[in-house]
Each structure stands twice: as C-alpha cells, then as structure tokens.
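Residue numbers (this note's numbering), protein chains in the order written: chain G, 1 to 145; chain C, 1 to 116.
Everything labelled a hint here was simulated from the structure, so no lab data went into it. Among the hints, erroneous ones may be present.
Claimed, not checked - Subject to a maximum C-alpha distance of 25 angstroms in a straight line, what follows is the list of computed DSS-like cross-link-like pairs (lysine-lysine):
1) G:K106 / G:K81
2) G:K120 / C:K113
3) G:K107 / G:K18
4) G:K106 / G:K120
5) C:K113 / G:K81
6) G:K82 / G:K120
7) G:K107 / G:K120
8) G:K106 / C:K113
9) G:K81 / G:K120
10) C:K113 / G:K107
11) G:K81 / G:K52
12) C:K113 / G:K82
13) G:K120 / G:K18
14) G:K16 / G:K81
15) G:K2 / G:K18
Unchecked claim - Derived list of chain C stretches under chain G, where covered just means 3 residues or more per stretch with a C-beta under 8 angstroms from a C-beta of chain G:
16) 14 to 22
17) 93 to 102
Said to hold, decoys possible - Derived, one-sided and incomplete: chain C residues facing chain G with beta-carbon distance under 10 angstroms:
18) T25
19) F35
20) S60
21) P62
22) I63
23) S65
Source: prediction; values computed, not measured. The C-beta atom is built at its ideal place from N, Cα and C for all residues, glycine as well.
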Amino acid sequence: MKQEEYQELVKELTPKEKRVSHALIAFVSGGLVGVLCTIIFEILSTTFEMGKSSATVWTVIILIGIASFLTALGFFDRWVKKCQCGLIVPTTGFAHSITSSALDYKKDGLITGLGSNFFKLAGSVILYGILSGFIFALIKVVFYG
Amino acid sequence: MIYLNAFLFVGTICLIGQLILDNTTLTPGHITSLFTVLGAFLGFLGVYESFIDWAGVAASVPITSFGNLLYKACYEGYQMNGVLGMFTNLLSGTSGGISSAIIFAAFLTLFFKARD
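With the rest of the complex left out, here is chain G:
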C-alpha cells in the first residue's frame, strides 16, 4: 500500500471528524431547505396573494414535487447520500423514499412490483404517524376533554 493510499484510508476511518462533518452538512443542507421553503412561501403569499394556510400546503406540495422530480432524474440519490439527514428529515425524504421505491420496483410489474412496494419505506412514517396522532388525540379527549 502506498503512503498516500494509507493516508487516505486513515482519513476515511477517522470516525469522530467524520461525524462532525456529517452533522455540519446535515445542519446546513437542512437549513437551506428551510430557507428555500420560506422563499417559496413568501412568493406564494405576496405574488399570488394566497392565505397563510393554503400557501403553507402549496409550499409543502411544491417541495415534494421538486424532490420527486429530482429523484426521478437521478440527482437526489447522490444528494441524499451526501447530506443524509439534511434531506431525509424534511418532507423531501418522504417524497424521495416513495419515488425511489416506485422506480426501483417498476420492473417487477404493476401490482407485485410497483403496487406492493410503493410504501415500502414511507409506510412506517404513515403507520406510526397515524397511530401516534390518534393515540395522543385520544388521551387529550379522555383526560382533558
């Protein structure tokens, strides 16, 4: 093994610094997604004169549209690998997981491939979201009226 290669390997296997840079990348990329959404929201509410709630829903839909489209074009997988939680934790991760599993299983047929694998990754978010939302609402209703 050459000296440079060894240095590279050491650099790669140094876990602590990697964690710090991962965390920084996730923080900055996630933050930029937040800023992008605020810009979209401002445009919708000033130029298109939308109310607050419809502009919010439109912003989320536009963000999901952008993420799905970029996933289909093939850019988003690389970005998700690089930014990790910066793109997984925002709603972009939800859209990315649905679109990428749809594309991956397309070749196995419409029902056994696409249909049954559509929510492969997003299913747990929907399941536990609905479950926890319902349970917390139930607690609120029972104990607090």
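We have chain G; now place chain C onto it with these hints.
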C-alpha cells in the same frame, strides 16, 4: 428575521437526526418514524404551535410536522364530529402531502427508469 429562524429550525432538527444516525444503530427509517411520533407528541403538548409562530412555514417542512398535523386533525375532528370525526378527519391535514407524493411518484414512474 424569518429566513434565519427557518434555517436554524430545520437545520437543528436535521442535526439532531444526523447525530442519532451516526451515534446509534438506528436507520433513517427509524429516525423518520421516531420524529413523526415526536411531532405528534409535541403537538399534544402544545409546543408545536409555538414552533410555527417562531419559524413560520419552515416548521411545516420537517417530518415532525406530519405527526403534529395528524394529531391536530384528529383532535379537531373530535371537536367537530365526536369519535366519528377522529376517524374521518384524521388524514385531512396531511392529505396534501401524502396525495401529492403518491401522485407525483406514480406519474414520474411512467416516464422515468431507475438509475444506479
């Protein structure tokens, strides 16, 4: 400054997710599910509303807002329609997100192939 708040809010949540991902054996699937449940819990505590006041639309961007909206819609359903409303209204807040993700994914799958 709303842009700075938006940056800090979404960035911090992503940072927490990344720290969990790097320092535990949990997968991204665990983290998104965990954050959804956490969002519902914060909605239950009434904290999430103040996030929305502070960070504006950015509070609706992380997956935590998904849990918050499910909780909120379910509780509002109860106030409007009783127990039936909890079931019929549960998905109303998140419908925009879920439906658009499904519809975009389905149409894009028609025109694109998987890339490696």
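Verification of the hints:
1. G:K106 / G:K81: At roughly 22 angstroms apart (the allowed maximum being 25 angstroms), K81 (chain G) and K106 (chain G) satisfy the hint.
2. G:K120 / C:K113: 18 angstroms, holds
3. G:K107 / G:K18: Violated, at about 37 angstroms.
4. G:K106 / G:K120: 13 angstroms, holds
5. C:K113 / G:K81: Given that 25 angstroms is the threshold and the Cα spacing comes to 19 angstroms, the pair holds.
6. G:K82 / G:K120: Within the cut-off at roughly 22 angstroms; holds.
7. G:K107 / G:K120: Between K107 (chain G) and K120 (chain G) the Cα gap is close to 16 angstroms, so the pair holds against 25 angstroms.
8. G:K106 / C:K113: Within the cut-off at roughly 8 angstroms; holds.
9. G:K81 / G:K120: 19 angstroms, holds
10. C:K113 / G:K107: 9 angstroms, holds
11. G:K81 / G:K52: 34 angstroms, violated
12. C:K113 / G:K82: 22 angstroms, holds
13. G:K120 / G:K18: Violated. K120 (chain G) to K18 (chain G) sits at ~30 angstroms, over the 25 angstroms cutoff.
14. G:K16 / G:K81: Given that 25 angstroms is the threshold and the Cα spacing comes to 18 angstroms, the pair holds.
15. G:K2 / G:K18: Holds - the C-alpha atoms of K18 (chain G) and K2 (chain G) are around 23 angstroms apart, at most 25 angstroms.
16. 14 to 22: holds (count 7)
17. 93 to 102: holds (count 7)
18. T25: 14 angstroms, violated
19. F35: 6 angstroms, holds
20. S60: Nearest chain G Cβ about 5 angstroms off; hint holds.
21. P62: 5 angstroms, holds
22. I63: Because about 6 angstroms separates I63 (chain C) from the closest Cβ in chain G, which is inside the 10 angstroms limit, the hint holds.
23. S65: For S65 (chain C), the interface hint holds, since the closest Cβ of chain G sits about 8 angstroms away, which is under 10 angstroms.
In this structure, the earlier hints numbered 3, 11, 13 and 18 are contradicted, and the remaining ones agree with it.
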